[in-house]
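S.K.: Okay, here's what each chain looks like letter by letter:
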Amino acid sequence: MTSVPPARAVHPLRRPVRALALLVLLGVAGFWAAKGAHRGWSQDRVPVPKTDEITGIPYTVYEDRYVPGVEVLAAGTALAAAIFGATFFLRTSPTRPPSSP
Amino acid sequence: MMTKRIPASLLALALTVSAGAAPLAFDFKDPKGVNAIQFTLDSVLEPIVGTANGVTGSVSFDPAAPAATTGRIVVSAKSLVVPNATQAGHLQGKDWLDTATHGDITFELAKLADVKTSGAETTATATGRFTLKGVTKEISVPVKLSYLADAMGKRVPGTNGDLLVVRGEFSIKRGDYGIQPGQNEEMVNPVVKLNVAIVGSAPKR
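So the sequence lines, in the order shown, correspond to chains X and G. Using this note's numbering, the first residue of the first sequence is number 29, and each one after it goes up by one. Using this note's numbering, the first residue of the second sequence is number 510, and each one after it goes up by one.
Chain X on its own, in the form it takes in the complex (with noise of 0.2 angstroms):
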């Protein structure tokens, strides 16, 4: 006769918490897209090119608004890949099956 292993059981939390890591991930992803998906690093003041009409000279004015760039992106995808990661070491003790009379 076989040995049948005890069976593992789901712990409770593990779902909730792989739920939440999908969250942290579409939820910066999302914020990343919203604010214009910059593929470079951060900006805490957006270059805005313009032209002086007389001189012709080109210059910088600088808008004080925060866009997030990739690090922002990347440190979003690591948090959640983090918090999905420990839900592997949500474990619950195994069950064993009623013993038989």
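Since the hints were derived computationally from the structure, they do not count as laboratory data. Hints may contain errors.
As the list claims (entries may be wrong) - Once the Cα atoms are required to be at most 30 angstroms apart in a straight line, the calculated DSSO-like pairs of lysine-lysine come out as: (1) G:Lys-538 / X:Lys-78; (2) G:Lys-541 / G:Lys-702; (3) G:Lys-682 / X:Lys-78; (4) G:Lys-587 / G:Lys-603; (5) X:Lys-78 / G:Lys-587; (6) G:Lys-625 / G:Lys-587; (7) G:Lys-702 / X:Lys-78; (8) G:Lys-653 / X:Lys-78; (9) G:Lys-541 / X:Lys-78; (10) G:Lys-646 / G:Lys-713; (11) X:Lys-78 / G:Lys-713; (12) G:Lys-663 / X:Lys-63.
From a predicted model like this one, the values you see are computed outputs, not experimental measurements.
Based on these hints, arrange chain G on the given structure of chain X.
M.R.: Coordinates of chain G only, in the frame set by chain X:
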């Protein structure tokens, strides 16, 4: 009586002509705040592009003799701006430009060579002393000077005078000026491109 009047008239005429031919002093502190030096450093992910708009200085320019141009342009290193505030802090910090100690970047024009003038436009090679982070080196920069007579009032209403636009583009090696020599070259290119486009004004009284 007549003989006394003629020399006086000639003297007045000579003074007028010499005054008209005198070099004009152009002030490069622009009232509209347009003047800036743009710099570009190739870097990981994207080039670092910024500006420094604290431009002052003066240039003596004679439209009739552009080759005799002299001048000095000063840029406040503390006015350096890049879009990322952390990068700006690093660039102004002690390891890079050390703007707390070396507040000014200067170019002192010694001479113009290969001067070619066509109408109001003059192209030349400007040789002078360039000082950055306390290190001074002689450099030569191709420049274009545009003399805009009586254009000052068009930019700044209520004023009267001439404008001189100076354009130039050149590169320097940051290591030559003690800016992280031989360091972080895989992260930030050792060559810095500088783009100058500034205007000076010479008011008329």
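S.K.: Are the hints correct? Go through all of them and say.
M.R.: Do the hints match the structure? See the list:
1. Our distance criterion of 30 angstroms between C-alpha atoms is met by G:Lys-538 and X:Lys-78, whose separation comes to about 19 angstroms.
2. A hinted pair counts as satisfied when its Cα atoms are at most 30 angstroms apart, and G:Lys-541 with G:Lys-702 qualifies at roughly 25 angstroms.
3. This hinted pair checks out: G:Lys-682 and X:Lys-78 have alpha carbons roughly 28 angstroms apart, not beyond 30 angstroms.
4. The straight-line distance between the Cα atoms of G:Lys-587 and G:Lys-603 is roughly 12 angstroms, inside the 30 angstroms bound, and the hint therefore holds.
5. This hinted pair checks out: X:Lys-78 and G:Lys-587 have alpha carbons roughly 22 angstroms apart, not beyond 30 angstroms.
6. Proximity of G:Lys-625 to G:Lys-587 is assessed by CA-CA distance (about 35 angstroms); at most 30 angstroms being required, the pair is judged violated.
7. Of the pairs offered as hints, the one joining G:Lys-702 and X:Lys-78 holds, with about 20 angstroms between alpha carbons and a cut-off of 30 angstroms not exceeded.
8. Using a Cα cut-off of 30 angstroms, the hinted pair G:Lys-653 and X:Lys-78 holds, with the two alpha carbons roughly 20 angstroms apart.
9. At roughly 13 angstroms between alpha-carbon atoms, G:Lys-541 and X:Lys-78 fall within 30 angstroms of each other, so this suggested pair holds.
10. Note on G:Lys-646 and G:Lys-713: the hinted pairing is violated, with a Cα-Cα distance of about 35 angstroms set against a maximum of 30 angstroms.
11. Restraint check: the Cα-Cα separation between X:Lys-78 and G:Lys-713 comes to about 28 angstroms, which is no more than 30 angstroms; the hinted pair holds.
12. For the hint linking G:Lys-663 to X:Lys-63, the alpha-carbon distance of about 38 angstroms lies beyond 30 angstroms, and the restraint is violated.
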